[in-house]
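Student: On the provided structure of chain A, position chain B as indicated by the hints.
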Amino acid sequence: MTVSGITRAALIRLRNGDRIAHLVTLAFASCVLLIAVLLVAELYASSAPSRRQFGLGFLFSRDWDPVAEQFGALPFIYGTAVTSLLALLLAVPFGVGAAIFLSELAPPRVSGALTFVVELLAAVPSVIYGLLAIFVLVPPLREHVQPFLQERFGFLPLFQGPNYGVGLLAAGVVLAIMILPFIVSISREALMAVPREQREAALAVGATRWEAAWHAVVPYARLGITGSVFLALARALGETMAVTMVIGNSPTIHASLLSPGYSIAAVIANEFTEAMSEMHISALIQLGLVLFALTILINALARLLLLATARKGAVGA
Amino acid sequence: MSYRYAARKAVNGLMFTLAGFCAVATASIVLFILGFLVWNGARAINWEFFTQLPKPVGEAGGGMANAIVGSAQLLLLATLFGVPVGFVAGVYLAEFGGRWFPAVIRYITDLLNGVPSIVIGIFAYAVLVLPVKRFSLAAGGLALGLIVIPITVRTTEQFLRAVPVSLREAALALGASKWRVVATVVIPAAGRGVLTGTILGVARVAGETAPLLFTSFSNRFWSTGWDQPTASLPVMIFTYAVSPYEDWHRQAWAAGLVLLLLMLAANVLARLVLAGRGACRS
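Order-wise, the sequence lines are chains A and B. Counting in the working numbering, the first sequence runs from 1 upward without gaps. Counting in the working numbering, the second sequence runs from 318 upward without gaps.
Only chain A is shown next, with the shape it has when bound in the complex:
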């Protein structure tokens, strides 16, 4: 064989190396897809007994009685929805305000330091929020905040009934603190992606810093901020430990925020290891399926919104 023949063979082998590398990495990337498919298939298959038994009525029934094998998801859906909405109500104004401050108003050095600290907040494990909530948040809620709410706003059904400290309000407050860093950091990124000209034009016609931020920058980043809110909502819906520790764990539906409730994630966390019958496990897995579907839906929406802002930012710049 000639020298050029050998080098040609080597070259071909190396090109094949490229192909092999491509295929190997492609296989690993497909694993991600495979995991997603398996996840859905497993949840769907394992919840079959409960789906067959209760059908769509599962979502609208208020009975949850493991002994009588009657399972309905409504109290948990209610608890999850109320605590998540409460958390958004508390966290969104606060978080967006903080994001505007960090990206538009603060001096860069202050902004950098505060952003790092806020990101640390996102790294604190859920169970530690729960620990603090039990011993630091619930006692003052029980002794000061909730009696005050009852006294002043007791005419509203929202603040009636007995006061245990633990309950929907406590869970909502913990959730609000937990989703705050997500809203702040993603909204901040959306605001930072707004082209400079947008600010400069507003400042050039005599707007104050706040007016430039509020009238020129925030509307531009609207989609991104909405995306951050949806992302935070998805987090709140699936949040387990901290909620389990303070929501009160009672599968009932009350109008009052002071009453104990239950969330989808919390009931799975509490009852899964103790579930004896196949139907009970299957019903819990179906709850997992409901939770999965909800968070996927909201996440998908949030990601689309964020993609849209990224594209808009690129065009604007």
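FYI, nobody ran anything at the bench for these hints, they're computed from the structure. Possibly wrong hints are sitting among the right ones.
To be verified - Simulated restraints, written as ranges between beta carbons of each label pair:
1) Gly415/B <-> Ala45/A: 40 to 46 Å
2) Leu307/A <-> Lys372/B: 49 to 55 Å
3) Thr541/B <-> Ala45/A: 55 to 61 Å
What the hints assert, rightly or not - To give a feel for the contact side, a few chain B residues facing chain A, derived at Cβ under 8 Å:
4) Tyr409
5) Ser494
6) Arg521
7) Gly524
8) Phe538
9) Leu576
10) Leu577
11) Met580
Stated by the list, open to error - To spell it out: a stretch of chain B is covered by chain A in this simulated footprint if at least three of its residues, at any positions, have a beta carbon under 8 Å from a beta carbon of chain A; those stretches are:
12) 325-336
13) 464-477
Cβ coordinates follow ideal geometry from the N, Cα and C atoms, glycine included.
Tutor: Showing chain B alone in chain A's frame:
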């Protein structure tokens, strides 16, 4: 005119203060959390906590040595399983991607990242616990590994993409084939960034509790193997915090402090690794 101007200035000042208050208040929550944990945890922590097994209910004292080792085992399993898969998939997205498939994978990865960890736990339960009817270390490791994968995919891709095109072009111009460029030029150049992402990803799952509740479960004694129930720090914090015993509350604070310090250390370490890169460049 000047009256309106004064009013606008006032609004500006007011909103400046309000927004600043929001930011500072958010940041100070971290200080509150750290403060409470140090205050309650430092009093509770002692040598026994790190070296002893939990005592039976009602007996004071004892520690969480088995849970500390269990958490380390779980993290090791999760890292061994999750990081390689996530890393290679990330290399595909950054370097070998075709036209539409990478976009699909990227979107799915983001969605997986948003799946509640307890749902991942149900999956691991259905795959590894239900067939053998036994909680196991392996199932917990699987659950945590599945959470690590999407995090690693995205950080790997992000840092590989940050490697300048000129580096790749220089290597390609010398006649290196694509996989050699990726393996010997791009990946080493992005090494520190990828390492940072991995540290943060593993640190995040170190605090995960929900997926462990019904996979690795808990154990009052040393775990004897990968197919046995295993105690972990987060699950111990949960069990002890919701228990009615004063001494268990004390230990929950101690465990919380240890977990949070580990978390902070990982974050600071990740920062230092990244800062090291900056120093090398300049």
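Student: Determine for every hint whether it applies to the structure shown.
Tutor: Hint check results:
no.	hint	result
1	Gly415/B <-> Ala45/A: 40 to 46 Å	violated (32 Å)
2	Leu307/A <-> Lys372/B: 49 to 55 Å	holds (54 Å)
3	Thr541/B <-> Ala45/A: 55 to 61 Å	violated (32 Å)
4	Tyr409	holds (4 Å)
5	Ser494	holds (4 Å)
6	Arg521	holds (7 Å)
7	Gly524	holds (2 Å)
8	Phe538	violated (18 Å)
9	Leu576	holds (6 Å)
10	Leu577	holds (6 Å)
11	Met580	holds (5 Å)
12	325-336	holds (count 8)
13	464-477	holds (count 3)
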